[in-house]
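Chains as they are written, first to last, in the working numbering: chain A, 1 to 358; chain B, 359 to 759; chain C, 760 to 1160; chain D, 1161 to 1428; chain E, 1429 to 1732.
FYI, nobody ran anything at the bench for these hints, they're computed from the structure. A portion of the hints provided could be inaccurate.
[Said to hold, decoys possible] Taking lysine to aspartate or glutamate pairs in the DMTMM-like style, the calculated list, with each CA pair at most 25 angstroms apart, reads:
(1) C:K896 <-> E:E1576
(2) A:K189 <-> E:D1487
(3) D:K1422 <-> E:D1683
(4) B:K495 <-> D:D1321
(5) A:K346 <-> E:E1623
(6) A:K204 <-> A:D185
(7) C:K1055 <-> C:E1119
(8) A:K256 <-> A:D314
(9) B:K542 <-> C:E961
(10) B:K542 <-> C:E1111
(11) D:K1167 <-> C:E821
(12) C:K879 <-> C:E948
(13) A:K162 <-> A:E144
(14) A:K162 <-> A:D247
(15) A:K143 <-> E:D1506
(16) C:K975 <-> C:E989
(17) A:K51 <-> A:D31
(18) A:K204 <-> E:D1683
(19) C:K943 <-> C:E888
(20) A:K51 <-> D:D1321
This is what each chain is made of:
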Amino acid sequence: STGGAAKPSAAADVSDSDKTIRWDNWALYIDVDDAGSYPTLEAFTAETGIKVAYTEAVDDNNTYYGKVKDQLALGKDIGADVACLTDWMVGRLIRFGYTQGLDHANIPNLSNLVPSLKDVDFDPGRSMSVPWQGGFAGIAWNKEKLPNGFTSVSELWDPSLKGRVGVLSEMRDTMGLIMLDQGVDISGKWGDSEFGAAIDEFKKQVANGQVRNIKGNAYKEDLVNEDTLAAIVWSGDIVQLNAENGDKWGFAVPEKGGTLWNDNFIVPIGSPRKKNVEKLINYYYEPEVAAEVAAYVNYITPVAGAKEAAMAIDPELANNQLIFPDDSTLAKAHVFRTLDGTEEQKYGADFQSILLGA
Amino acid sequence: MASGTFADAGADLELVGIQKRFPGFTAIEHLDLSIPAGSFFALLGPSGCGKTTTLRLVAGLEEPTAGSILIGGTDVTQQKAFQRPVNTVFQSYALFPHMTVLENVAFGLRRRKIADPVGKAHEALRLVELDHLAARKPQQLSGGQQQRVALARAIVNKPALLLLDEPLGALDLKLRRQMQLELKTIQEEVGLTFLHVTHDQEEAMTMADTIAVMNKGRIEQMGAPEVLYELPKTAFVANFLGQSNLFTGPVIGSTSTSITVDVAGHRVIVPADRAHRHAGEVTIGVRPEKMWLHRKAPAEAADRNIMGPGRVIDVSFSGVSTQYLVAVPYIGTLIVFAQNMAFGPVADVGDEVWLDWHVEHGFGLEDEPVPGAGPRFAADTDTRSIAAQRRESLVTELEEA
Amino acid sequence: MASGTFADAGADLELVGIQKRFPGFTAIEHLDLSIPAGSFFALLGPSGCGKTTTLRLVAGLEEPTAGSILIGGTDVTQQKAFQRPVNTVFQSYALFPHMTVLENVAFGLRRRKIADPVGKAHEALRLVELDHLAARKPQQLSGGQQQRVALARAIVNKPALLLLDEPLGALDLKLRRQMQLELKTIQEEVGLTFLHVTHDQEEAMTMADTIAVMNKGRIEQMGAPEVLYELPKTAFVANFLGQSNLFTGPVIGSTSTSITVDVAGHRVIVPADRAHRHAGEVTIGVRPEKMWLHRKAPAEAADRNIMGPGRVIDVSFSGVSTQYLVAVPYIGTLIVFAQNMAFGPVADVGDEVWLDWHVEHGFGLEDEPVPGAGPRFAADTDTRSIAAQRRESLVTELEEA
Amino acid sequence: MKISLGKWLLPLYSALALLFLMVPIAYTFVFSFNDSLKSNITWRGFTFDKWLNVCAVQNGAVCEAFGNSLVIGSVATVLATVMGTMIAIAIVRYRFRFRSATSLLLFLPMATPEVVLGAGLAAQFLSLGVAKDMTTIILAHTMFCISFVVVTVKARVASLDPALEEAGRDLYGSSAQVFLRVTLPLLVPGILAAALLSFALSFDDFIITNFNSGAVTTFPKYIYISAARGIPAEANVIASAVFIFALVVVVTAQVSSAARAKRLAKEG
Amino acid sequence: MAFAAFATTTAQADPAPRRRSRVALLLLLPGILYLVLFFLTPLVSLLITSFQAPAEFGDIGQYTYAFNWQNYVDVVTDYWPHIVRSFAFALAATVLALLFSYPLAYFIGVTARRWPLLQSLMLVLVIAPFFISFLLRTLAWKQLLSDESFVVTSLKAVSLLAPDAHLTGTPIAVIFGLTYNFIPFMTLPLYTTLERLDLRYLEAASDLYAHPFDVFRKVTIPLSMPGIVAGTLLTFIPAAGDYVNASRDFLGGPDSQMIGNVIEANFLVLLNYPAAAALSIILMSVILVIVGIYVKRAGTEELL
Ligand SMILES: Nc1ncnc2c1ncn2[C@@H]1O[C@H](COP(=O)(O)OP(=O)(O)OP(=O)(O)O)[C@@H](O)[C@H]1O
Ligand SMILES: Nc1ncnc2c1ncn2[C@@H]1O[C@H](COP(=O)(O)OP(=O)(O)OP(=O)(O)O)[C@@H](O)[C@H]1O
Ligand SMILES: NCCCCNCCCN
Ligand SMILES: [Mg+2]
Ligand SMILES: [Mg+2]
């Protein structure tokens, strides 16, 4: 029941006295060692004295937003000083004034940001957000049960897979992949009819029981317990799952294309520790650190120089197309175009109504 | 009475013009009552007649609609229950289930900060011979034992006035008789004023110095048990306090010492000083044990009333005595008791018998004559126990809610 | 009996060698009982003696540990309650609270698919004069009314055997007497066999054709009320069924027709055929109403036993009769009843009196001699009613929850 | 045919039914010993580690959530029990106007689905500009516990024989003394039951909490959030520990009161 | 005596003297005020929200005060299947829980009376699920019912489940979860009435020729009606509004979403507050109507 509420103002910074950071992020998005601790974070703490409480609190942009929006609207603490959210959601937060401006002076390493990401339409000049990792949405499959693999979204609709297919609750990835499969350029100009056609296809596959479930990052649990045998997934996750469960899954970006996206650090308006966060960002923009994270999570790092640093760790790593995609890989990856408020509401509702089975 | 002292002796109780209305029901119409200090007073009446209500008014658990209550000469009408020098043994005992027997008994003493409550409580328990169970909880006692604890809990406070609301109602006859004896003994020992409510006429008669018979919120008659029994004023009393043979007829003659009533052709004489009405249609009566049964017509005598011949229609043996029902034409069925001083009945069913009684034993009622016996089960259609009424009102409440 | 027919007449009931053990308690030791068809049989005994248990065994609500039960000659020991041609009027009535009075009464008929259950139920309700309340729920009835509904609910089924478990226990004396009459009338009208459980000896004596006195799970004595009363076999019966004056002493002489007992120096003669033991220490007795009170020493006579002098220590008026307590040195306190055939007591407290009774009226017990009276409140320490027990177990349960 | 199936059917069924109720509990318990990595859904071997280092994972986030739940549960229980008991006494013992309106007001929260309660309250806090934290959770929990307290205590008050209080007054107890020494002690079992119920309801609540918790994480909320990325075995540890604790407390209480009853029975 | 004991267990005496209602007021005030503040006002603001319209040039999630009836029409048109489904699921879960719980409650409350220790032990086990978080239990079932689990493979092996069928993410799993999770709410009230059930009524019935089945149908069931009503309401109401079981992260799938999920999605994802509010109001009203009719017909209006 918010009207056009006045934009909240940022909290007073206590970073100098309070050396902590609470960081909300997605699952499978940071390096972890066998003991369950985070090596790069520990190094950061050793270096700066700032302790980081890292929480895998983000499962889905929408549900995360739903959880924190009321606090944001009031300019109150949301329980996190930094969160990594996807481009479009960051755009919304910036529009609503829910983020704090970043002091680039405190982030000298920002110069390492790859040029293509320096200026984005939702945050010109990166005054409010800085990329964390990027990635593809593609298809993963259970290699034991489905040794043939997948090259297109249409193959997911094969009747033999009825009820064993998972898709993402991230509209831009699921719909993006379907639209690409239908030959739509998702970065270009498209409108209701293209979206409508894809929605119809999606709706059909949900209604006839082909799609088992529609989830956020929790899709990985379904893959593990084999409720789903093939799914639309995020690239790096699969590598990590394979590491934990013995190379069980294959991953491919469909021939007709997958989505490409970034998740970005933002400092929520109610956080009193922006300066600490800026130090954190700066730290992760060290090419060596970035390479170490990338080597673990297998997502695309936005840090220039990380590839070189990766070379130093392991030359093979530098060739990993999931981390350092070359042009041919990138040619298959497409960025979902930015939606305006009305579109976002409408397409979001259409998509959600399918999630709700309506 | 909230001070730390005991009453030295019983106090007298006076109720003046008491009326009690409940929403939609007048439980007590108008009640005047005076109970002398140190007496054992019984309030007797059928279920629902207002006995418990009267008691609750005296205890201060209910406020009278009108009238005043005096204890030992002091008007206590405005005092709260806990301020009155009165204790009650409740119909349901109302022992505190969360306290031991001892703590129950000590409760009142503690409230009044009387020295050595535990010692005094033990003493009271010894009086009722339950000291060995002092550590038990009330639920672990039998009904009779609970009753005695309730008694101890009240008596320990040496109240000027002890109210007993059918404390023996739940006991079986044997135990009941024992407890009656016990209560009476205790009353005599401690010398308190007892106001005892019961609907058992035998209990009232054996225990009380004075009985008041209540009916429908009024006192019908009051007096010593013998007086009430031998000279009942109303048909209600005549029938509630024991049984009676009642006859109705016009007064056909009267002298200064007696009246003569024509009962369906029989001339029945009643002493004038034992008859409340001396002219017109009157109801007269005689107790069944005052009647004699004859196998032959007895000789006429000035000092005896004779009825018969009639026929024995039922003989029932009850141990001490035998009850005969004798049907006398035009008059109805009469009851005769004969103490079993020998074996076997005096007469058998079907025998033709005559009845007579000493003129002195008759009595004449104050009532307007009553037309014969009522319907067989009339007794409880208009008097109903609180329990049933409460349940009923609860039910309506539920239905409304 | 699950068919749609009624019993034409009462059936006789036979219990053979019945024993009933509850975990940790033997309620019935060994019971043989035979009740002829059409009779009104009363089972009498103190609380906890096993009356209800016996009844439940007959009804099939409890299985005997040993022994068998025959109704009308058929062994029903293995039959379930609903198969037996027996109905019960429960101690607590157990009227179904969710049904109207009418539906309660029609319940049994409907179960057996008897034609016109509603009509028959109305008829039964008319019999107990409650048809006007047919539409009420049981909670809306008074205790007496509930009792009558319970009776109607059982009788409407015309059972071969009707079991009544203290159906009058909750009623006041007046109503109780009425209901007794009513029950008796109904029994005679419908001709069923009634097995009536009670702890009220007067009730048992006035109503029953045969009485069995139970004590601690055994039958102490059984017979017609008069026989039991006039010739009790044990001290228990002598004291439970009315009151008795009991004396103990050695037999100091005996003829073919009588024995002579030395009671603290008094020579007391008892007819030989009324004495169960003829030698050694014996207990003999006489009923209080068989005793005569004399202000002077009565003349010695061969056919009378005399005691005295003693002193009247209590006179208590109870309406029909007066009870005198007479303390006789070395013998103890004796009870004498005198019917109030005249006004006022024969003797007053403090008077010196003599007592005598006809030799024919004495009786000699079968018991080993009993040493005097027990402690004042002994009666209820070992017999406890189920209700109290249930409550107790409930309480423990609650405490555990 | 004396051996009736009926005799065995019910006990057998009851045993099986209880077994069924225990299934997920057993599962949770077993997986608290799983030597899991991130997700705790496939068995990877037995370890005591998770029990020994419950608070180690994620900087003790599980333990913190658990602690929050305890605090919230306790405070809400106290508040709801006090207010609910007062209402219960008033409803049974007094006749007042708006009695049925009051009853309705008490019934409504129980008849309102949790989403509605949670969403309504969330909207209200938002429009009032109240930030969500521990306080808002407690306020919300107290709200839905009150009705349950009233129902539970009311039954107890209603079954309280008024004669007991009258006896108290008759025995020189002033109103306050009668309340403290007679009424209250007799209500204690009911009040305790109500408090226990409140605590359980609060401790296990997720839906209403989810709408009104802001940044605070309760134990159920922690599980809900973790459900997406996989519940750590430490959560199973805490849940199992709570379960065992409760079981031990209840069983000890039972056994000791049974023993006491037996002792009394022997004395009697 | 027996009669007195009996009377105290059934109907209780009339409440003590209804004295000064100033005391009543004092007793009521805090709680009632609290409920008005934290229950009634939110409900009113929910009602107001349900009529709001999107702000004219507003962004996603921005609304202004209006009297927009259309919201109700819209949500009913869009989500009527969810409304129907919610009540159908809740009904199914209630019936199943009743069938499951009644014999169990009967055993604990009646048969086990003789063994108080066993009785309380079983009772503890019934409420045991309370002690393990509701969500954890549900997640445990999610794993226990997953496609490769013992349960599903066995069901498939005995052909009780089609080879390509599955449980999680289906209405069956949701109803199962609802049933399981609310069983204690059903069993406890049933137990409380059955535990107080006076067996003498059953004896009276069998004395009056009622076959055990008739005793059950004609006496036991009617007498346990208060427990049945309380249990079914305590199950039905929360089940109808539940969104955890049907959540896609728990036991539900897209074709088993309930009204709670719709409300949640509208509140938290779509930021369509008016729709969420309108749905809440509809849900609550329907439940109140159902409860009202049910309680009237069952004749146990003494719920509170
Ligand atoms: N609170 C009340 N409201 C309305 N009527 C009442 C109330 N209390 C008692 N009465 C009525 O007042 C009358 C007298 O009741 P009371 O309790 O004094 O009878 P009782 O003589 O003690 O009867 P019992 O022998 O059954 O105990 C009854 O008809 C009863 O229903
Ligand atoms: N289910 C039971 N378990 C153990 N003991 C029992 C059980 N039922 C009855 N008893 C015991 O058996 C004895 C006889 O009980 P019963 O009910 O037959 O007595 P009663 O003669 O009917 O007494 P009352 O006059 O009090 O009704 C009592 O001591 C009682 O405690
Ligand atoms: N495990 C990390 C997954 C990160 C996914 N981010 C959301 C991308 C949406 N397009
Ligand atoms: Mg009374
Ligand atoms: Mg009995």
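So, going through the hints one by one against the coordinates:
1. C:K896 <-> E:E1576: violated (58 angstroms)
2. A:K189 <-> E:D1487: Measuring from Cα to Cα gives roughly 22 angstroms; hence the hint holds.
3. D:K1422 <-> E:D1683: violated (57 angstroms)
4. B:K495 <-> D:D1321: Given that 25 angstroms is the threshold and the Cα spacing comes to 17 angstroms, the pair holds.
5. A:K346 <-> E:E1623: Violated. K346 (chain A) to E1623 (chain E) sits at ~56 angstroms, over the 25 angstroms cutoff.
6. A:K204 <-> A:D185: The hint holds at about 22 angstroms.
7. C:K1055 <-> C:E1119: This hinted pair holds, its Cα atoms lying about 22 angstroms apart.
8. A:K256 <-> A:D314: Violated - the C-alpha atoms of D314 (chain A) and K256 (chain A) are around 31 angstroms apart, more than 25 angstroms.
9. B:K542 <-> C:E961: With a Cα-Cα distance of about 24 angstroms, the restraint between K542 (chain B) and E961 (chain C) holds, given a limit of 25 angstroms.
10. B:K542 <-> C:E1111: Distance of about 24 angstroms is within 25 angstroms: holds.
11. D:K1167 <-> C:E821: Holds, at about 16 angstroms.
12. C:K879 <-> C:E948: Holds. K879 (chain C) to E948 (chain C) sits at ~16 angstroms (cutoff 25 angstroms).
13. A:K162 <-> A:E144: holds (17 angstroms)
14. A:K162 <-> A:D247: holds (24 angstroms)
15. A:K143 <-> E:D1506: Violated, because 40 angstroms separates the two Cα atoms, which is more than 25 angstroms.
16. C:K975 <-> C:E989: holds (23 angstroms)
17. A:K51 <-> A:D31: Holds, at roughly 16 angstroms.
18. A:K204 <-> E:D1683: Status holds; Cα separation ~12 angstroms.
19. C:K943 <-> C:E888: holds (16 angstroms)
20. A:K51 <-> D:D1321: violated (62 angstroms)
Hints 1, 3, 5, 8, 15, 20, counting from the list given before, are not met by this structure.
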